[in-house]
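Peer 1: These are the residues of each chain, in order.
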Amino acid sequence: MKRITLLCLACMLAFPWVAGAQAQKPAKDDRDERLKDFEERISVLEAEVQALRAAAATQTVQAPAVAPAAFDVAARPAPAANPPLAQQAPETGGAQPQPPAYGGASSMAKVLNPDISVIGDFLGATGTSNVPPALQAAGRGPLPVLALHESEVGLQAIVDPYARADFFLSFGESGVNVEEGYLTFTSLPAGFVAKVGKMRSAFGKVNTLHNHVLPWTDRPLVTQSLVGGEDGIDDAGLSVTRILPAPGGIFLEGTAQVFRGDSADVFTSSQRSDASVAGHLRGYKDLNESTNVDLGVSYARGHNDLGSAFLTDLYGVDATLHWTPLRRTIYHNFVGRAEFVWSRRDQLPAQQRAFGFYTSGDYRINRRWTVGGRFDRSGRARTANLTDDGFSALLTYWPSEFSQIRGQYRFTKYAEGRNANELLFQFQFSLGAHGAHPF
Amino acid sequence: MTRPITYSRWMAGLLALALVAAACPQRMRAAGKIKIVTTTSDLASLAQEVGGDRVEVDSIARGYQDPHFVEAKPSFLLKLRQADLLITVGLELEIGWLPPLITQSGNPRIQPNSGGYFDTSQFAEILEKPTGVVTRAMGDVHASGNPHYWLDPENARRVAQGIANKLAEMNPGDTAYFHSRLADFSKRLTDAEKAWDAEMQPFHGRKVITYHRSWPNFLKHFDLVSAGEIEPRPGIPPTPSHTLELINMMKRDNVKIILVEPYFDLKTPDAIARETGAQVVVMPPSVGGEKEITDYFKLFDYDLALLTKALKAAQ
Chain A
1 MKRITLLCLA
11 CMLAFPWVAG
21 AQAQKPAKDD
31 RDERLKDFEE
41 RISVLEAEVQ
51 ALRAAAATQT
61 VQAPAVAPAA
71 FDVAARPAPA
81 ANPPLAQQAP
91 ETGGAQPQPP
101 AYGGASSMAK
111 VLNPDISVIG
121 DFLGATGTSN
131 VPPALQAAGR
141 GPLPVLALHE
151 SEVGLQAIVD
161 PYARADFFLS
171 FGESGVNVEE
181 GYLTFTSLPA
191 GFVAKVGKMR
201 SAFGKVNTLH
211 NHVLPWTDRP
221 LVTQSLVGGE
231 DGIDDAGLSV
241 TRILPAPGGI
251 FLEGTAQVFR
261 GDSADVFTSS
271 QRSDASVAGH
281 LRGYKDLNES
291 TNVDLGVSYA
301 RGHNDLGSAF
311 LTDLYGVDAT
321 LHWTPLRRTI
331 YHNFVGRAEF
341 VWSRRDQLPA
351 QQRAFGFYTS
361 GDYRINRRWT
371 VGGRFDRSGR
381 ARTANLTDDG
391 FSALLTYWPS
401 EFSQIRGQYR
411 FTKYAEGRNA
421 NELLFQFQFS
431 LGAHGAHPF
Chain B
440 MTRPITYSRW
450 MAGLLALALV
460 AAACPQRMRA
470 AGKIKIVTTT
480 SDLASLAQEV
490 GGDRVEVDSI
500 ARGYQDPHFV
510 EAKPSFLLKL
520 RQADLLITVG
530 LELEIGWLPP
540 LITQSGNPRI
550 QPNSGGYFDT
560 SQFAEILEKP
570 TGVVTRAMGD
580 VHASGNPHYW
590 LDPENARRVA
600 QGIANKLAEM
610 NPGDTAYFHS
620 RLADFSKRLT
630 DAEKAWDAEM
640 QPFHGRKVIT
650 YHRSWPNFLK
660 HFDLVSAGEI
670 EPRPGIPPTP
680 SHTLELINMM
690 KRDNVKIILV
700 EPYFDLKTPD
710 AIARETGAQV
720 VVMPPSVGGE
730 KEITDYFKLF
740 DYDLALLTKA
750 LKAAQ
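Those protein sequences? They're chains A and B, same order as listed.
In terms of our numbering, the first sequence has 285 at position 285, counting the first letter as 1, and numbering is strictly consecutive.
In terms of our numbering, the second sequence has 610 at position 171, counting the first letter as 1, and numbering is strictly consecutive.
Since the hints were derived computationally from the structure, they do not count as laboratory data.
For glycine and all other residues, C-beta sits at the position ideal for the given N, C-alpha and C.
Don't take every hint at face value.
As the list claims (entries may be wrong) - Result set (SDA-like, lysine to any residue): computed pairs, CA atoms no more than 25 Å apart in a straight line:
{"no.": "1", "chain 1": "B", "residue 1": "K568", "chain 2": "A", "residue 2": "F402"}
{"no.": "2", "chain 1": "B", "residue 1": "K706", "chain 2": "A", "residue 2": "R368"}
{"no.": "3", "chain 1": "A", "residue 1": "K285", "chain 2": "A", "residue 2": "F192"}
{"no.": "4", "chain 1": "B", "residue 1": "K659", "chain 2": "B", "residue 2": "A637"}
{"no.": "5", "chain 1": "A", "residue 1": "K110", "chain 2": "A", "residue 2": "F38"}
{"no.": "6", "chain 1": "B", "residue 1": "K512", "chain 2": "A", "residue 2": "R367"}
{"no.": "7", "chain 1": "A", "residue 1": "K205", "chain 2": "B", "residue 2": "K568"}
{"no.": "8", "chain 1": "B", "residue 1": "K706", "chain 2": "A", "residue 2": "R327"}
{"no.": "9", "chain 1": "B", "residue 1": "K512", "chain 2": "A", "residue 2": "I158"}
{"no.": "10", "chain 1": "A", "residue 1": "K198", "chain 2": "B", "residue 2": "P539"}
{"no.": "11", "chain 1": "A", "residue 1": "K110", "chain 2": "B", "residue 2": "V573"}
{"no.": "12", "chain 1": "B", "residue 1": "K474", "chain 2": "A", "residue 2": "L252"}
Claimed, not checked - Negatives, chain A to chain B, calculated, CB over 12 Å:
{"no.": "13", "residue": "G139"}
{"no.": "14", "residue": "L143"}
{"no.": "15", "residue": "V297"}
Unchecked claim - Just a few of them, taken from the derived set where beta-carbon distance is under 8 Å, the chain A residues facing chain B:
{"no.": "16", "residue": "P161"}
{"no.": "17", "residue": "W323"}
{"no.": "18", "residue": "L326"}
{"no.": "19", "residue": "T329"}
{"no.": "20", "residue": "H437"}
Use the sequences and the hints to build the structure in full.
Peer 2: Here you go:
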């Protein structure tokens with residue numbers, strides 16, 4: 001029916017032109033040509049109507065609450081596109097019957113799809129790694145020469161008026177891992193934000209970061225030795241965060257978390273009651289509009305792989321200094337970081353108390369280049385008297401904000417007296433809409 | 440050696456912490472004033488125009504800052520957690536920094552799709568909506584259209600009207616107040632527009648190049664023509680080959696004006712200017728871009744003074 005209406009409309013619109021043309025050139029050949037012309041114009045009109053319908057349907061979902069035109073300050077034409085279309089949508093929708101799209105392939109269904117993103121992390125390594133056998137046995141073997149180290153798939157969406165959900169699936173060389181998958185309750189009373197699911201624990205800074213936002217190609221020695229390495233403290237549990245009142249423009253935030261108790265080689269849950277916990281207190285202050293400091297203290301406690309009677313306690317202190325000149329945000333910035341971790345691990349014959357830290361700095365020289373350096377030192381959780389040292393120098397190139405190429409020279413001096421000289425290089429690239437990460 | 444920890448003990452601890460934190464006072468709406476946080480200073484200016492003394496307005500981004508690349512600093516959370524209304528530009532301008540701030544704020548009022556989240560792009564005339572297939576090969580394109588729509592006074596009027604309606608909905612008792620403020624703003628804007636249009640009238644159809652595609656609404660309103668951008672694609676830094684093409688084009692078409700936002704480096708624009716004899720005009724696209732630009736009217740006064748001077752000199 002609508003097709004016929006459209007056809008009539010097109011004919012009516014075209015009639016004066018046709019009539020005029022006929023008066024001048026009544027030849028039959030011309031008529032055929034014009035008929036062809038009409039057909040073309042009708043199909044163009046039809047396509048336009050379809051496009052408008054699709055746009056209207058999209059806008060109805062995205063912006064259903066168009067403010068009522070309670071009053072109009074000046075008798076100016078309404079915005080050409082949005083509100084009228086949104087209002088028309090229910091009437092025009094479905095005018096052209098379409099076969100039902102059970103696979104969710106209709107434009108409406110796509111609107112409700114979560115934001116999907118993939119971040120590729122291609123990592124290469126050359127040089128001598130010289131990893132001591134003890135560490136190799138603990139799963140810290142040398143990196144392969146070339147590897148698609150990780151492909152992180154992000155699925156993120158608002159669930160309902162009360163919560164949002166974020167999934168990060170990490171495809172490594174040996175399988176798939178739900179790196180994080182949690183529900184965030186954003187509408188709780190009294191300013192609480194709660195998370196339920198599998199998540200990276202709020203212990204310190206590095207542990208909370210995904211690989212692709214690290215300023216290095218690897219994680220610091222202290223993370224490798226004391227805080228579970230790349231996987232880190234990452235477990236199923238629940239988390240409660242709240243901004244706490246503080247004087248003098250200080251931002252103070254407390255986080256408390258309870259987990260099942262299984263995290264890499266740090267915590268192991270042998271029975272249901274073997275929970276692990278973590279707490280983080282963060283203080284932040286803007287020193288001026290360009291510079292700010294971020295300080296944190298962390299605590300985590302859980303049972304270790306020796307059994308329910310054996311506990312591991314972790315204490316952490318982190319400090320970050322940011323400098324970003326607001327008039328040149330995309331050209332220059334500096335981030336200085338330091339993190340200190342103390343580990344106390346129950347084991348036989350004696351409890352092990354290890355300490356480790358890293359300190360690093362990154363300076364963005366211009367829009368495309370960033371230089372950085374990191375110093376590492378860490379004892380080992382199970383043999384605290386063995387301390388490894390390391391140093392890294394980094395250079396990062398940004399072709400655009402969606403890809404980066406990074407080189408890292410890494411020197412490691414293992415406690416056993418072995419030295420490693422390695423060159424790591426990384427290509428990282430991002431597809432789709434990956435939600436921004438917290439500061 | 441045995442220091443057992445159990446769920447019940449820690450859950451109780453967590454609960455206690457939650458209770459203590461719940462007891463901490465949450466700031467309530469002060470004396471009936473609506474607390475507004477806007478993402479940009481332009482929206483803050485418009486909200487202040489219609490809200491008058493019945494609102495408290497604060498902006499996250501500064502006027503001299505690139506609104507695409509604001510750091511999601513925790514200090515902004517202190518503003519957001521108390522806000523009754525969050526006004527955003529939308530069209531993915533703030534996508535790199537606003538969503539985590541909203542989530543972390545712990546403020547149910549400003550969550551997307553709740554009453555206090557207000558995206559003003561729904562009222563504006565949006566230009567440069569990409570058609571066909573959109574890929575990142577086109578640079579950092581905004582799939583829903585160019586978000587720099589506030590640089591057309593017509594759009595400011597529409598946005599102000601939208602904000603006034605929203606404020607009236609939130610505080611129905613002040614409806615007449617917001618309406619009269621809006622009518623006053625609109626009248627002043629109409630008068631100012633007449634002066635601005637007259638100022639720009641002699642330059643209709645003149646070609647300019649810009650650093651980023653920040654100005655389509657502005658150029659359209661004042662009937663200027665964009666001949667190209669210094670960025671080869673939105674968000675991609677200048678490249679030598681593109682710069683060379685631009686120089687040749689500017690020489691050929693006699694383009695004498697280069698508009699640059701204050702947050703971009705002047706090295707490439709200056710080099711182009713040396714080659715072509717064009718003038719570089721550093722023009723703030725937002726309120727607060729310079730000290731004297733304290734509101735939406737002064738933004739246009741300031742920019743048009745700079746631009747007309749440069750256009751006259753180029754004649």
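Peer 1: Decide, hint by hint, whether the structure agrees.
Peer 2: Here is how each hint holds up against the structure:
Simply put, K568 (chain B) and F402 (chain A) have alpha-carbon atoms about 21 Å apart, close enough for the 25 Å limit, and the pair holds. Of the supplied pair hints, the one linking K706 (chain B) and R368 (chain A) holds, its CA atoms being roughly 15 Å apart against a limit of 25 Å. Pair hint K285 (chain A) plus F192 (chain A) holds up; C-alpha atoms about 21 Å apart against a cutoff of 25 Å. Under the criterion of a C-alpha separation no larger than 25 Å, the hint pairing K659 (chain B) with A637 (chain B) is consistent with the structure, at around 15 Å.
About 34 Å separates the Cα atoms of K110 (chain A) and F38 (chain A), which puts this hinted pair outside 25 Å; it is violated. Of the pairs offered as hints, the one joining K512 (chain B) and R367 (chain A) holds, with about 21 Å between alpha carbons and a cut-off of 25 Å not exceeded. Restraint check for K205 (chain A) and K568 (chain B): the C-alpha separation of about 39 Å exceeds 25 Å, so the hint is violated. Restraint check for K706 (chain B) and R327 (chain A): the C-alpha separation of about 15 Å stays at or below 25 Å, so the hint holds.
Distance hint between K512 (chain B) and I158 (chain A) is fulfilled; the C-alpha atoms sit about 22 Å from each other, no more than 25 Å. Note on K198 (chain A) and P539 (chain B): the hinted pairing holds, with a Cα-Cα distance of about 18 Å set against a maximum of 25 Å. Of the pairs offered as hints, the one joining K110 (chain A) and V573 (chain B) holds, with about 16 Å between alpha carbons and a cut-off of 25 Å not exceeded. About 21 Å separates the Cα atoms of K474 (chain B) and L252 (chain A), which keeps this hinted pair within 25 Å; it holds.
Distance check on G139 (chain A): its Cβ is at least 26 Å (rounded) from any Cβ of chain B, clearing the 12 Å threshold; non-interface status holds. With 12 Å as the threshold on Cβ separation, the claim that L143 (chain A) sits away from chain B holds: the shortest Cβ distance comes to roughly 29 Å. No Cβ of chain B comes within 12 Å of the Cβ of V297 (chain A); the nearest lies about 15 Å off, and the non-interface call holds. For P161 (chain A), the shortest C-beta to C-beta distance to chain B is roughly 6 Å, which falls under 8 Å, so the interface hint holds.
Here the hint on W323 (chain A) is broken, as its CB sits about 11 Å from the closest CB of chain B, past 8 Å. Below 8 Å, beta-carbon pairs count as interface contacts, and L326 (chain A) has one with chain B at about 4 Å; its hint therefore holds. A distance limit of 8 Å between C-beta atoms decides the matter here; for T329 (chain A) the minimum to chain B is near 5 Å, and the interface restraint holds. Checking H437 (chain A) against chain B: minimum C-beta separation of about 6 Å stays under 8 Å; hint holds.
Against the hints set out earlier in the document, violations occur for numbers 5, 7, 17.
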